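Following our numbering, the numbering of the sequence shown begins with 20 at its first residue and continues without gaps.
Keep in mind the hints are simulated off the structure, nothing from the lab. Everything numeric in this text was worked out from a predicted model, so none of it was measured. Careful, some of the hints might be misleading.
Claimed, not checked - Each computed DSS-like pair below joins lysine-lysine, with the alpha-carbon atoms no more than 27 Å apart: (1) K64 / K50; (2) K32 / K64; (3) K144 / K32; (4) K32 / K50.
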Amino acid sequence: MTPSEHYLFRQMKLRHLQLLVALADLQSVSKLARTLHVTQPAVSKMIAEIESGIGLVLFERQGHAIRPTVYGESLIRHAREILDRARRSQQELQALHDGVDGRVDVGVLHVAAPFFMPRVISEFKRHSPHVTIGLHEGTLDRLLPRLRAGDLDLIVGRVSAELLRPDLSSAALFDDPIVLAVSSRHPLARKSKIRWVDLEDQPWIVPMSSAPMHKHLMSMLLLHGLRLPRDVIESVIESTNLTLLFNGTMIALLPCSLAQHYVARDQLHILPLPLEEGLGPVSIVWNAQREGSAAQNRFKQLVLDVAHPDHRRAEAQTLSDVQAGSRGGSESGSSPAESA
Numbered sequence: 020m021t022p023s024e025h026y027l028f029r030q031m032k033l034r035h036l037q038l039l040v041a042l043a044d045l046q047s048v049s050k051l052a053r054t055l056h057v058t059q060p061a062v063s064k065m066i067a068e069i070e071s072g073i074g075l076v077l078f079e080r081q082g083h084a085i086r087p088t089v090y091g092e093s094l095i096r097h098a099r100e101i102l103d104r105a106r107r108s109q110q111e112l113q114a115l116h117d118g119v120d121g122r123v124d125v126g127v128l129h130v131a132a133p134f135f136m137p138r139v140i141s142e143f144k145r146h147s148p149h150v151t152i153g154l155h156e157g158t159l160d161r162l163l164p165r166l167r168a169g170d171l172d173l174i175v176g177r178v179s180a181e182l183l184r185p186d187l188s189s190a191a192l193f194d195d196p197i198v199l200a201v202s203s204r205h206p207l208a209r210k211s212k213i214r215w216v217d218l219e220d221q222p223w224i225v226p227m228s229s230a231p232m233h234k235h236l237m238s239m240l241l242l243h244g245l246r247l248p249r250d251v252i253e254s255v256i257e258s259t260n261l262t263l264l265f266n267g268t269m270i271a272l273l274p275c276s277l278a279q280h281y282v283a284r285d286q287l288h289i290l291p292l293p294l295e296e297g298l299g300p301v302s303i304v305w306n307a308q309r310e311g312s313a314a315q316n317r318f319k320q321l322v323l324d325v326a327h328p329d330h331r332r333a334e335a336q337t338l339s340d341v342q343a344g345s346r347g348g349s350e351s352g353s354s355p356a357e358s359a
């Protein structure tokens, strides 16, 4: 065993890892000393002892800041992972001690929030009532970093393949195509035939500009010769979006299952203009480099089970109905792209 291996495996403690991570975050020995309520020389001595034990320089001064070297960055990355595992172990042990069987934190995109996730959670709670479920709704660009950092155990939603990296695994769950929806009282809802040009200069509710669905909509509008909308609300807050739709004259992109739910209540109308999908199915994503707890693995398996085709017949029938409406009510002489 080399001296550095002996130090890493026999002498390095969690408090050393916490010190390295804190210094990397604060980039200042004086700030770290104040945070730890110790003197600056004491902090410098601890860093020097770690560097001596490993045999590598971990930090260097750049102006007034202390920044990790390439060796420091590597060690700090692993330190964060170890500390995260320690934190989650403590939480799981505390949960077991308190009579709770663990915790599962799930990132949820809006396509899965209204119907699919409530079904999964209700089924899960019937068998595991003492597992705490944490739901975190948001956009993919915000949820993926949290999944990689270990703050989330799973993500359920529409995930573009190009955003996934080798450290993440995914499995397709079901298709829930995107449709254009308006209030049942919207002037477009009363037209016998709808053309793409009818959407010109209409107000829109759209996903955030970083979302793949936003880019997809913009490309579809350009494909059909429309100017990009100027009267726009960017929002992923579903309750707000629906209220604006019900009471206004806006157009929004909605998952077919959600739109059809309110069509049946005569609150929304689906515009029969087919959108090329290209966004992929609703999927489940998890960090392949992290070993899930028993509760997390049970939850992941249930997500896959509930998404089985036998559970999705209603959604398939909904899609069939909407596609039939699109063929009957869309503009005549549509291009192949419009009828795809």
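Broken hints, numbered, in rising order?
Number 3 only.
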